[in-house]
Structure formats: C-alpha cells, structure tokens
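**Q** Residue numbers (the numbering used here), protein chains in the order written: chain W, 89 to 257; chain X, 4 to 430.
Since the hints were derived computationally from the structure, they do not count as laboratory data.
A couple of the hints might just be wrong.
[Said to hold, decoys possible] Straight-line distance between alpha carbons at most 20 Å, and here's what the computed SDA-like set of lysine to any residue pairs gives: (1) X:Lys236 to X:Ala260; (2) X:Lys46 to W:Ala257; (3) X:Lys46 to W:Gln254; (4) X:Lys46 to W:Arg253.
[Said to hold, decoys possible] Covered, in the sense of this in silico footprint (three residues per stretch, anywhere, with C-beta under 8 Å from a C-beta of chain W), are these stretches of chain X: (5) 141 to 153; (6) 187 to 196; (7) 327 to 333; (8) 364 to 370.
Idealized CB from N, CA, C, for every residue including glycine.
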Amino acid sequence: MSKTRIRGRVWKFGDNISADNGIIQYSQVPDLATFDIPALKAMCFAELRPDFRERVRPGDLVVAGANFGHHSHAHACVAMKESGIAACVVESCDSAFIRKALNVGLPMVVCPGITGIVEPGDELELDLATGEVRNTGSGAVRHARPFSDRMIEVWRAGSLTRAMRQRLA
Amino acid sequence: MGQTVAQKIVARAAGRPAVEAGEYVNVSPDYTCCQELAWQTRKRMMQEIGVDRVARPDKVIMVVDHTTSASMGSPYYLSHKEMKDYAFRNGVENFFGAGSGLRHLVLTEKGFARPGLLVFSDEPNIASIGALGALNIAVSSEVVVTQITDENWMLVPKSARIELAGRLPFGVLLRDLAQILIRDFATGDALSQCCIEFGGPAVANLSLDERQSLLACAYHTGADTALMPVDDKALAYVRERAQGRPYHLLSADPDAAYVLETSYDLSTLSPMVTVPPELHGAVKLEEVAGLRVDQAVIGSCAGNRLDDMRAAAAVLRGRRIDRGVTMYITPGSREVYAQASREGLLEVFVAAGATVLAPGCTTCWGYEGVLCDDEVSISTHQMNYHGRNGSRSARSYLASPYVVAASAVAGRIADPRTILADAGARA
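Chain X extracted, bound-state conformation:
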C-alpha cells in the first residue's frame, strides 16, 4: 500500500521506511514548539520528573505569544521571565519574547517550518505550517517530555483529501470556506484522527497567507492536522528562509489510502458568519445581517497575516468605524506589523478609529478586548463559546476580515461587497 505525505513525514521521523495509518510509533520530531500559558504546568511536570534540561536545544522553539505584555494584575510576567531564564540556561537559541508574534507565524517566517518536517507543538491550530509542507502534531503541556527526551509516541494520522476548485467570488475569502468546512464536519467524526491533505486546481491561486489561515482552522473540523501541496510558491518562500537547513520534498504515492475524498468549488461560496456558541454554526451573512455589534476584531492565528491586514484596510480606507464600535486589530508578527506599516495599512486603521495591538494572540483568548454582559462581538477569532472573550452572556460571531471590517463601519453585521464595490469604483 502506498504512503500519504503525512505517513512519509512520520516514517522519516520514526526512522522507518514506512508507517501505517492508525499505528502508534515512536518519533524524534524535528522541532518542538511551545508558548507561555502552560509554563507553570510544564515547570511542575519537570519538577515531578526531576529533570530541568533539554536534550536538543537546537530543536526547541519557545515563544511568548498569548500575553504580549507583562500587564499589571496578570500573573504571566513571572512565566515570561522563567521561560526566558530556562531557555538561556539550556542554550535554547530560539526563544522569542513578548511581541515577537504567534508561534504559527514565527515558525514560518524564521524558516523552521519546512517541507517534510515533523513539529510537536502545544496547539493543534499550528497545523497552519502545513502550508509549507511541515506536519504539526499537537501534544499539550507534555511537549516538555519531548524536549527532555528528544522523542515521544504518536498516532500516525489517517489521511483525507479535500480538493479545491474554482476562484473565490468578489468579497469572499478563504476564511469563508474554513467556516463552511467546520460547519460540514465538526458535528461528526468523519475527519477524526485525520490529516487533511488539501489539493486541486484552486490551490495555485491561493496566497501562502490564505493557505495558512485555512489550515489553522482544520482542527475544528475534527481533524488532527492538515497539509497543502508544496508548490513553487511555497518552495520559493521556504528557500528564502531556510538558511541552508534541510527539507524533504514529499508527495503521496498514487495508491495511497484516503478515508475520505471530497471537493469544494470556491466559486459557489459567499460571505459566512458563524453564530455562537458553536463553531459549526456558520450561516450565510444575509441571515444575521443588521445585528448590532459592540466590538469588531481582526486577529487570531486564522486572521492576523498580511493578507488579513490588507483585506481589513481595503474596507476601512477612507472610512471611520461606527461610534458605538470598539475595534482592535492585531498583526500576527513583527514582520506582518512592519510590512503593514510600510504599506500604510496601520495609518488606515488608526485613521478609521481602530486600535492596533502588539503582535500576539491577545484578543482571541480574551486577554484583551474583554466583553461585558450581553455585548456582541464580530471577529476573525478561532472560538465562540460562552465566556471565551469575557462575560458568558456576551456573544462572539466569527467571520472573514472583510465582513468584520464592514461590520465595524456599519455598527451592524454588514455585507462587505457593497463597500468593496464602492471602494473599487473610487479607486
């Protein structure tokens, strides 16, 4: 039986010629990656184990991304310092402090995410690195065990294929597809224990930012992780940043096995809004248009890349947000922040009345932009359950950066196509 890309990546890390889907194997991942929120838990685990060192400092990547400043009243300032001390004590060169950006973006921008590599991280949404052909496996706080021993067990994922065809219509983004996929798969177990391999003719037209944002949502469909084909666009990006470090170009064997094969035609999509509190609650925008919003937010690992900044700016340029709306925009990394600055996007945001926050997870998990009772937010966030962004009675609607920015201007959930058409006519 042939091997899928995911199987080949795992087989290499396991030092074996081939592995079977569903098999438990020991692997030595190419990198482990973790953030600061669970540092105290990891520290306690290390104390229980009685070890305070890492086996391969060169494979460890530590990023402070959830709490971008050691704020008054926040307990995390201690973790910032302890994590940095731990990294320095252990010779971990790849420590990235507060404001560097999200692990998802640091991994790609700094050339760690390369084709054929296996990464153990503390978050399933880091599947975004699959846009460059690297496989993310999420392991939670026990990432510390892999750091101590340089190996751990994993379940070889099954593979599912989702083919993308057609071009996105005007005013529609790949984010809209992500919300549709979650709607279609999150309530069953069709993608359980799977790596989704995206493919099809539409991929070539998608930017690397779009690909990463889609993959960052893959876990919410029930899948373990996801990959995109490594095409010329992806390879050019990797070569620019790999600094001579190795990578492995892999493709699936013709007789590789997929538990599910399906396709989506991007040209049939329209703007979506996910209605709280379930992630599978995506409906067509028209069904909720007009609903008053108190907060509009661009950010999260599925909505903070340069493309998202440009999309928000396309709507906000020359406009002001509604006086009843608070708007936060969080670029996903220092690189995104700097480029957004060079392109004049930050000026567009500020002139529109939005607040630009330091690169990090910030608002997505409620560290900033906390909602009061019954407040309504619309955002590019990853979660919408009760209490995610503050009060349990607040409601968090999820949508593309176009829809979020259009809603900020209108003060109500609004169709971005009207504004975008107008902006196009003025340009």
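Okay, chain W solo, but in the shape it has when bound:
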C-alpha cells in the first residue's frame, strides 16, 4: 500500500456540525490551557452519537457534510485524532479547520460529493497524494484536492512540531 493511502470504516455525519458545540462541547473542556485527552475523548461526538466512544476503532474515518467544524478550536481536532480517527472527508469546511487538524496530524480532506457515495459503516480508501477517494464496496470514486508534499510530511510525522523537528534535525 502506498504511503499516502488511508483506509477505514466510516462514521457519517450531516451538514453544519459545529466543532465547539458538536464534535466536542468546548464550554465543558475542563482545562483549556492544555489538551486534556481523556476528557476530550469522552466528549468526542458524544452528543451526536452516544455510542461513538464505545464503538470507535483506531483507523476509523469521519465523513461529514457542508461546513464541518465551524467555530473551531484545535481541541476538537485533538479529540477526533486521540479517539482514533485517521482522517475526515467532508463536503466543505473553513480553511482554518484544515490547518488546525493537520497541525495535530489529522487530515481534513475536502471532497465535494462524498456524502452521496458512502453510508455509515462503509469502507473508504483515500490517497492524500492524488486526492482520490474510493468506496471500496461500491467502487464509487470522488476527487479531493491532493495534499501538497509539505502537508503529507506533517501528516506522516504525526504533528506539525514533530515534522519540523525531523526536518531541522
């Protein structure tokens, strides 16, 4: 398997999922100065999918509709990453959310049409270098913007600071 591919089982969400009042409950984060991993994992998608915490497996993917993660703090990205989510594939989101997610090692892939080709539990395979997103069951394909080499370097390292450390070592 190419080193830019990610394959995983889909959790599917709708449009306009807020980061701070949907992915997590920002107002209930106990300590905003640090990332409280257990607390963030406990609240990840808890309001939208009460069974998420129990059933999420490392390597699962999030698929969501338009305007995913608006009003975001990085805590929402940390919550998904630490819960085991390997990537998010969304109809649309703001630019800052792509950056915040990648900085903690979580690819946020904008892929118009994605919600039309997957159902919850389907398996998707995506290639960050080509932007191809494929439903492995149905074979349906949609295309996202390819990540730049620099972005792939950050994803591989697991975070922006780790990527920088490796590069400048």
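Based on these hints, arrange chain X on the given structure of chain W.
**A** Quick look at chain X alone, frame taken from chain W:
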C-alpha cells in the same frame, strides 16, 4: 482560465506563473506578523521543535498590541520582555512594543502592507491590509513555523466579488455595511475559503480608513480574507510609506473565476445594531433604540482609526456623556493618537467625560473595560459572545462610532442622526 488578484498574489509567493483556487501550495510570504498573547504557546512550540532562530529577520514583524501595559496581576509582562529579547537576539528590527498600536495599523502605517504582498499573520481580521492590496492569510500560533523556515503551505482562496454602489446616507458609516454583510453571510458557507474582492463605483468615495475597517470584519462573513482595488488614493498612501521597498500592482484577468458575485447599494443603508450573542444579529437601530447602556466604547481593529475618532468627536463635541455611562476610546496607533491630538479630538473626548486609553486592542477582548453581571455595553468591537468583555450575563451590542457616541450621550441606544443634524445646524 484567468487569475484573480488573490491567485496572482499567491502565485508570486509560490514562485509559480499561476495557481488554482482550492489548491494547496507552498509559499514564502513577504512578511509574518504576530502579537504577544500566544507568545508562551509559540515559545513552547519552538522548544519542541528545538529551534530558537528566525530564517529571515527582515520579514518578521512582532507587535505587542493586546496588552498595552504590563499591568499588576496580568501575566503578560513576561511575554512583553521575552518577545522583545527574542526579537533583539534574532536581529528582528521590526519589533513594536506596548502602546505602538495594533498590528493592523502598524502594518499599513509603517509601509509593510503594500500591493501584491502576501502576509502570514496570527489573526484573520488583519485582512484590513487588503485596503492597500496586500493579502493577509491567518495561521495562528504556527506563524512561528513560517518564521523558522521562511515558507509554509496554504490553501489558495477562491474569490468572491462584492460590488459597492451609491453614497452612504447622512449618519450612516461603512461599519453599518460590515454588520449587514455579516448578517447576510455568517450563517452559511457561501464565502467559505474565499477572498472577497470588493469593487464598484462607491469604492473611490471611501477613505482608506473606511476600507480597512470594512475588511477587518470580512472574516466574520465566513471568508478567509479580503481585498480592495488599489486606486490612486491607496497608491499615494503606499508610495508615501514604502521607503523604496517593492510592491506589485496586480489586477484580475477579465476571465477570472468568482464563486459568488453580488452588490450592495450604500444609499439604501441605515444605522444598524448587532444584538448579542451572535455576530449575525444585526437589526435596524430603531428595533433596539432606547435600551439602557452602562458602557460605550470606541475601539478595536474595526473601529479605531482616525475616521472613527472624528466620527465619535462629531457627536461628542460640546456634549457630555450620560452620568450612568462609562466611555472608553482607544486610538488604534500612536499615529492615530497623535493626529487625534493635533485635531483637538482628544480634548473633545475628555471634555465629554470619556477616558482615552493607550493604543492597542484593550477593551475589545476584555483586557480593560470589564463588564459586570447583566451590564450592557455598546461598542465598535469585533465580538459579542457571552463573556467576551467580562461577565457571561453582560450583553455587548455592536454598532458604528456614530451610534456608540450618540448612545453614550443619551445613556440609551440612540439614533446619531438627531445629534449630528443638530451639530450641523450649530456649526
């Protein structure tokens, strides 16, 4: 396919002939700009990376603007000193200490914001520099990474066009349009990942201050950043301050692609008030007129330029604010402060019973002018969510400097046109 201005600016910084909207590219920005609030986070990132130097000191601009004095009880005095030491150690000449003013204004006044330049900053509201044709891209604390490496990735913004026509009616300011745009766009994603290119016949009549204040609000519509056309007015300002440093006059190709094109007729606007806690809560002033206010504030990157000082003074001249109101006025930079002084505006404010604060962000993020439970404020600030200016039960209404000053005098949310008409008759 033709290129928009934003695409051309990014292409130049990427060293490529052209870039596509929505594409991820590596760029070397012309400047990075940051403030002191996140200094401790940036310091921690540098420690994790293991590097404490900047690649191009000449491209780094550091400004202490959120905390204009190292106050007793505030933790930021340490960041003031550490940031200054870091700048000096790294040969960063463009360090501006407390009281210099906001990054937004320092960038324009000191000639850093020039047409065709790409700036990575730690704040989306610095889109105000688009009034001089410079493109702001906000990157948060990781601005430090760009400072270390002199390059980073970015998403090429899509472009949207908003045409402005007509002249603003009496008593109405461009700030009123900003609040209308946020009302119209903030609840959807029509401007998501966009650079708004403003244009149209009305732009020529707008001062550079008005243009900057409007662009400073662009992010709240959902856009990434914004630009204005670089006309003679903008170019004259740039030439005066560029000190020979380069700039690039760019215009959109005739077949450039826009995801949205719309227009606003300024002559149809009237004074607006944004009702908390949502930024898209703008209503006509008449709907909330008469509401008692405890505090009235002129300040923030969308309300602290010389035009805003003059607007406030036009209402306050020869009047006193209501005895139940506390009023703070914060000029946005030393230059604005000095000019307001030369024009006698500071004297007008003091005589009216207002307090003039040192140039900086001050009240906008609640560092000063903290509100108690259930208090009501009306201001030219940028945010109105629960707790932004103190107590979570306090309410922060947003409006133009005319409306804020008129409300300070009345002690209630008030229509500035009555006072302004009276002032005009007396003059």
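**Q** Of the numbered hints stated previously, which ones are contradicted by the structure, given in increasing order?
**A** 1, 7 and 8
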